[in-house]
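Engineer: Residues per chain, in single letters:
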Amino acid sequence: MNWQWFHRLSSPKWFYQISERWLPWVMGVSLVLMAAGIYQGLFNSVPDYQQGESVRIMYLHVPTAFASMMFYMVMAIAAAIGYIWRIKLAHMAAISAAPVGAAMTFLALFTGAFWGKPMWGTWWVWDARLTSELILLFLYLGFISLHQAFEDREVGDRAAGVLAMVGVVNIPIIHFSVEWWNTLHQGATISKFEKPSLDPSMLIALLLMIFAVILFCSAIMMYRMRNEVLSRENNKSWVKEVVLGKQIGKMK
Amino acid sequence: MTMHEFFDMGGYGFYVWSCYAATAVVFIALFVMVKSQRSRLVKQLQRQYRQEKRATKEPELKASHNAAQV
Amino acid sequence: MLGKLLRRELLRHWRCRQDLINPLIFFLITVSLFPLAVTPDGAMLSRIGNGIIWVAALLAAMLSLESMYRDDFYDGTLELLMLQSGSPYSVVMAKIISHWLTTGLPLVIMSPLLAVMMQMEGDAIGALMLTLLIGTPVLSLIGSVGMGLTVGLRQGGVLLSLLVLPLYIPILIFGAGAVSRAAMGMDYSGQLAFMGAFLLGSISLVPFASVAAIKVSIR
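Chains as they are written, first to last, in numbering that gives the first Met the number 0: chain A, 0 to 251; chain B, 0 to 69; chain C, 0 to 218.
The hints are simulated quantities; they were obtained by calculation from the structure and are not laboratory data.
Some hints could be false.
[To be verified] 25 Å max Cα-Cα, derived BS3-like pairs, lysine-lysine:
#, chain 1, residue 1, chain 2, residue 2
1, A, 12, B, 34
2, B, 42, A, 235
3, A, 239, B, 56
4, A, 235, A, 12
5, B, 34, A, 87
6, B, 42, B, 56
7, A, 239, A, 12
8, B, 42, A, 87
9, A, 87, A, 235
10, B, 52, A, 235
11, B, 52, A, 12
12, B, 42, A, 239
13, B, 34, A, 235
14, B, 52, B, 42
15, A, 12, A, 87
16, A, 87, A, 239
17, A, 87, C, 214
18, C, 214, C, 3
19, A, 235, B, 56
20, A, 12, B, 42
[Claimed, not checked] Per the computed footprint, the stretches of chain B lying under chain A, defined by three or more beta-carbons under 8 Å from a beta-carbon of chain A, are:
#, region
21, 15 to 26
22, 37 to 50
[What the hints assert, rightly or not] Derived Cβ-Cβ restraints for the label pairs, each shown as a range:
#, chain 1, residue 1, chain 2, residue 2, range
23, C, 21, B, 12, 49 to 59 Å
24, C, 1, A, 19, 53 to 63 Å
25, C, 42, B, 4, 49 to 59 Å
26, C, 2, A, 152, 33 to 43 Å
Because the structure is a prediction, the values reported are computed rather than measured.
Idealized CB from N, CA, C, for every residue including glycine.
Extracted from the complex, chain A is given alone in its bound form (with noise of 0.2 Å):
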């Protein structure tokens, strides 16, 4: 079998390089996608028969914790890739992965949060999702944390590395027991939170907010990338001309 295409993908240069080609397409039609999934949530969707106008939350709640866990495991099996062949760019992948997925998760607790004091009338219910959200904000913190304690950052790629599948495997029983822990207390919970019944124009605005916060947050992982490579890579020829052709490029 010919493994040349293998190491290729996991070329620092050739990720540099075809990311430059990427990223502005990539940005670009993130923002058109969300200018456009704004304006469809804000004008031009009917507000819920229930929730009134307060549903246009959804258009950021759903989207930020559908990222939030997509990225954990996109920075899980990217960690898991470079632990287990030794891979330079997937540890980055997942090093860069990890504060943009951190930050969506962060958002859909706050939106979470926004959304059920005018719906369930208190900030914060120990409601199944919202807990298991804020252990995912748990796990990316103790991720970052873990990969920031090591000095030396290839044996905190590894650290972080097998933390990261143990927490990929230990994820489904958090979500589970999690779940279960929910119906048990289910009498304390106000359970009046129906998922709205998705009008059309109401479901054109939360596609186009998922895919545009996916691509976002994609772009900003590669962003991210490009950094680490730039700054592990630093003794390679390839970077000095990349970072001092820039420079010459500035004083023409």
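Since chain A is already given, all that's left is putting chains B and C on it; use the hints.
Structural biologist: Quick look at chains B and C alone, frame taken from chain A:
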């Protein structure tokens, strides 16, 4: 739909606009942080390469300069 | 091999007995703070006692993880054992088993005393001991991975709690849940079965993760 109705959001204005504002702040912060990280990194690398260049080009000169200072 | 390593671990723990008593004192003090902070009212205490005792046991088990690897890591014994003994898995297992024997088991034995102080009834006390008996080995097992990752770090202690506590959540939910069902006179065998599954699952998976974690730290 009047301007006031739009900002009021059926009485939920505070909650809806807080969410949109927070999201905007976080998204912009993510972008600004990554860009400032990059410019800091590039500056630091440029300094590093310049020092390396100086160190390899004129080690004798530097040594004599140091000796003169002493 | 496992037997020899285990004897060595137990001997090592026996030589610093004070370290073994500290988690137990911590357990006792933490639990007795709650009536002072919340209420001395018996009905209330018996309702929240299961959760308090479980959380305190979890924290005590976590704080005592330090003794698992730290000393051996700093005098180089750990590296030697991992490389020379031929089976890093038995080194890790010996450490986990001895950690449970010296912390988990004493916590289980001490729990009825605290349960009585929290005004819990007979059935609930039995369930508490049973769930702690199944649950504390899982705490030692999962903790060994976190400890393995942070053993080489100076500020490892706080970081360890950040890594390990989220992973302890399932066992806490089911352990405390079983006790509160027992207190209400309901059947809790389902929760025990889940905890048993967690135990078997972590026994089969944790040694690999733990060895990988230590290898990262000692290289």
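Engineer: Each of the hints needs a verdict: does it hold here or not?
Structural biologist: Hint by hint, here is what the structure shows:
1. A:12 with B:34: OK: residue 12 of chain A and residue 34 of chain B at ~20 Å, within 25 Å.
2. B:42 with A:235: Within the cut-off at roughly 17 Å; holds.
3. A:239 with B:56: holds, 17 Å
4. A:235 with A:12: Distance of about 10 Å is within 25 Å: holds.
5. B:34 with A:87: OK: residue 34 of chain B and residue 87 of chain A at ~22 Å, within 25 Å.
6. B:42 with B:56: holds, 21 Å
7. A:239 with A:12: With Cα atoms ~12 Å apart, residue 239 of chain A and residue 12 of chain A stay inside 25 Å; holds.
8. B:42 with A:87: holds, 24 Å
9. A:87 with A:235: holds, 14 Å
10. B:52 with A:235: holds, 14 Å
11. B:52 with A:12: Given that 25 Å is the threshold and the Cα spacing comes to 23 Å, the pair holds.
12. B:42 with A:239: Holds. Residue 42 of chain B to residue 239 of chain A sits at ~12 Å (cutoff 25 Å).
13. B:34 with A:235: With Cα atoms ~22 Å apart, residue 34 of chain B and residue 235 of chain A stay inside 25 Å; holds.
14. B:52 with B:42: With Cα atoms ~15 Å apart, residue 52 of chain B and residue 42 of chain B stay inside 25 Å; holds.
15. A:12 with A:87: holds, 12 Å
16. A:87 with A:239: holds, 19 Å
17. A:87 with C:214: The hint holds at about 18 Å.
18. C:214 with C:3: Measuring from Cα to Cα gives roughly 22 Å; hence the hint holds.
19. A:235 with B:56: holds, 19 Å
20. A:12 with B:42: Since the Cα atoms of residue 12 of chain A and residue 42 of chain B sit roughly 20 Å apart, the hinted pair holds (cutoff 25 Å).
21. 15 to 26: With 8 residues closer than 8 Å to chain A, the region 15 to 26 of chain B meets the three-residue bar; holds.
22. 37 to 50: It holds: at least three residues are needed, and the region 37 to 50 of chain B offers 7 whose Cβ sits within less than 8 Å of chain A.
23. C:21 with B:12: 49 to 59 Å: Holds: the Cβ-Cβ distance is about 55 Å, inside 49 to 59 Å.
24. C:1 with A:19: 53 to 63 Å: Given about 55 Å between the Cβ atoms, the range holds.
25. C:42 with B:4: 49 to 59 Å: Since the Cβ atoms of residue 42 of chain C and residue 4 of chain B sit about 52 Å apart, the hinted range of 49 to 59 Å holds.
26. C:2 with A:152: 33 to 43 Å: For residue 2 of chain C and residue 152 of chain A the Cβ distance comes to about 40 Å; the hint holds.
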